[in-house]
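Residue numbers (this note's numbering), protein chains in the order written: chain F, 1 to 287; chain H, 1 to 407.
Calculated from the structure, these hints are not laboratory results. Note that the Cβ used here is the ideal one computed from N, Cα and C, for glycine as well. Among the hints, erroneous ones may be present.
Pair by pair, the computed Cβ-Cβ distance ranges are [claimed, not checked]:
(1) F:P279 x H:Q78: 41 to 47 Å
(2) F:W63 x H:V385: 39 to 45 Å
(3) H:L197 x F:G108: 39 to 45 Å
(4) F:W63 x H:D345: 52 to 58 Å
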Amino acid sequence: MQALYAQLLVGLINGSFYALLSLGLAVIFGMLNIINFAHGALYMMGAFCAYFLLNLGGINYWWALLLAPIIVGIFGMILERTMLQWLTGLDHLYGLLLTFGIALIVQGVFQNYFGSSGLPYAIPDQLRGGMNLGFMFLPVYRGWVVIFSLVVCLATWFLIEKTRLGAYLRAATENPTLVRAFGINVPRMITLTYGLGVGLAALAGVLSAPINQVRPLMGADLIIVVFAVVVIGGMGSIMGSIITGFALGVIEGLTKYFYPEASNTVVFVLMVLVLLVKPTGLTGRAA
Amino acid sequence: MHTKTIAAFLLGTALALSETGSALAQDKTVKIGVLTDNSGLYADLGGPGSTVAAQMAIEDSKLAAKGWKVDLISADHQNKPDIGTAIARQWIDVEKVDVFMDVLNSGVALAVNNVVKEKNSVMINSGAATSDLTNAQCTPNTVHWTYDTYMLAHSTGQALVKAGGDTWFFITADYAFGHALERDTAAVVKAAGGKVLGDVKAPLNNADFSSFLLQAQASKAKIIGMANAGGDTTNTIKQAAEFGIVKGGQKLAGLLLFLTDVHSLGLNVAQGLNLSSTFYWDMNDQTRAFSKRFAERTKNKAMPTMVQAGVYSGLLHYFKALEALGGNPHDGAKVVAKMKEIPTDDPLFGKGSIEPNGRALHPAYLFEVKTPSETKGPWDYYKLVGTTPADKAFRPLSESACPLAKK
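Bound-form chain F, shown alone (with noise of 0.2 Å):
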């Protein structure tokens, strides 16, 4: 029974993962109806850009959390600007194949320069050791990625769906023309939504880079496993995609400990379940 407990909490901890990437993905297909192929290179970037500032500029783990996802989303941005945009009302499939190349070429690129298996990258030292929980021993910063992620997830959910800048976001998402004769500039939202989705990927990059290593590829294997928490989510759902990341991180870690060689497939088997009798995904809406 206290494995199980043990074994919960870190389904959790990997759900924080998938919460906040698949959160990001949401908030671009909600808002931008693309799907974001980009998203794990993306968040690979954030994880390598937290590398860099620490060891060419000295700029440690607290001020990446903060710096790593302004310039991936500066990235991002330019992305959006310079070629995203012009696919817009274009079919889904273009948007797609785009950012799947973007991915590509980010990925090779960074192949190239560092190799594939990955960079060190130390937890902060005021996250390091453990707390013993009696069933289990857990991380001082495993626990603050947990913390941190849903504050930040919840964060993200409030200012969509409860604040002003939000609405005018899913009025422009409804109806841009009208938005804009309302003498909001729905170019610069956009770009600038695209940019906070793409900095939530990079947050996640920054705060698994001390947990795993710090590699290319790192984007590449975990991409796919959000798209299918995105999926069983609901497309463009904000909340049902918090809840969702977290709650297959659990699921994923209960098949880890009762059966593991179904712990990587278990999550696209739930994805066809969902698809078989609810199309829209659990919290998505028909379209």
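Use these hints to put chain H onto chain F, whose structure you have.
Relative to chain F, chain H alone:
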């Protein structure tokens, strides 16, 4: 004008025919294919570096000066056996490749092993670990050069049991390699009087090992054996540090750790780990000279791993066999038979031999990873703690299930 063209054509055909005629007597062309993981989790320990090593072997053999025409191609099997066999068939049938080098990843190696035998080609395997290549799955066309799971299990496993690590838990990569490594190590542990308390099979290329580490922790085994490789091993070690596993009194055993893994982990995390290898760049003047030349030609200025060194040495030995045959017979089994006949001797692995089952013999070394204060600079990572002589390092012929070993 027109007649000139015809004349030139006829002349050309005549020349081509006469060349074919001499080729039958003494064909001095050879095509080498490096089949490896160029983009995935094993790309640093083999990958493009293996191709560099093959190129260096071609240059150092000076075959071109002796009238040979040597071609080199390489491809990425993406760690997928189906892709590996498809490339292998195309290479043999269309590209006329004579010898497959590296072929890391045991799953891919075992699949390609069958194609190579069926088509009577040659595989000099450096990167795959499974000892099955020279055991139940042995063929007259394959030489297994650098290391195998039997060697790793005996060198690292035995040393750890002797040091008091008599209860084990395995975190195993869930494919041919991990299974073979766990099986061979568990046998060593049991034979030495130890006990295996449990195991967990983790999917290949897994990012988060915390679930598996918790299970290992709960088993209370003294040694947690990591029967995985590359990025999987580095992530396991890094996360084990987080969960306080080593501080809690359990010891990690990296059953297959490469120099590039240690480099990627950094000495702060990797220090004190034991590992086995058949090659280290800083062994003697010859290995240092080779490694410096190698590092200058790679992108990250990385020192060679044992896999890359094995590609170099294995290929040099293959060339020796071709020269001894006086030409390329394009008959895989015949060349491999010659390779087994000639004793091996090269700057990187020293003197040795190849067993009838295709197993290349050379000494195995047990290393300990240095602490940050012991290292003198980049890539100075290992200190030697033990040597197993060539005749003891690998599975004895008497225990081999290979039919070729029975003769």
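For the pair W63 of chain F and D345 of chain H, does the Cβ-Cβ distance stay inside 52 to 58 Å? Taking Cβ atoms as reference, W63 of chain F and D345 of chain H lie about 56 Å apart, which means the hint holds.
Lying within 41 to 47 Å: is that true of the beta-carbon distance P279 of chain F to Q78 of chain H? violated (32 Å)
V385 of chain H and W63 of chain F - C-beta distance against the hinted 39 to 45 Å: Holds, at about 42 Å.
Assessment of proposed distance window 39 to 45 Å (beta carbons of L197 of chain H, G108 of chain F): holds (43 Å)
Of the numbered hints given earlier, the model fails hint 1 alone.
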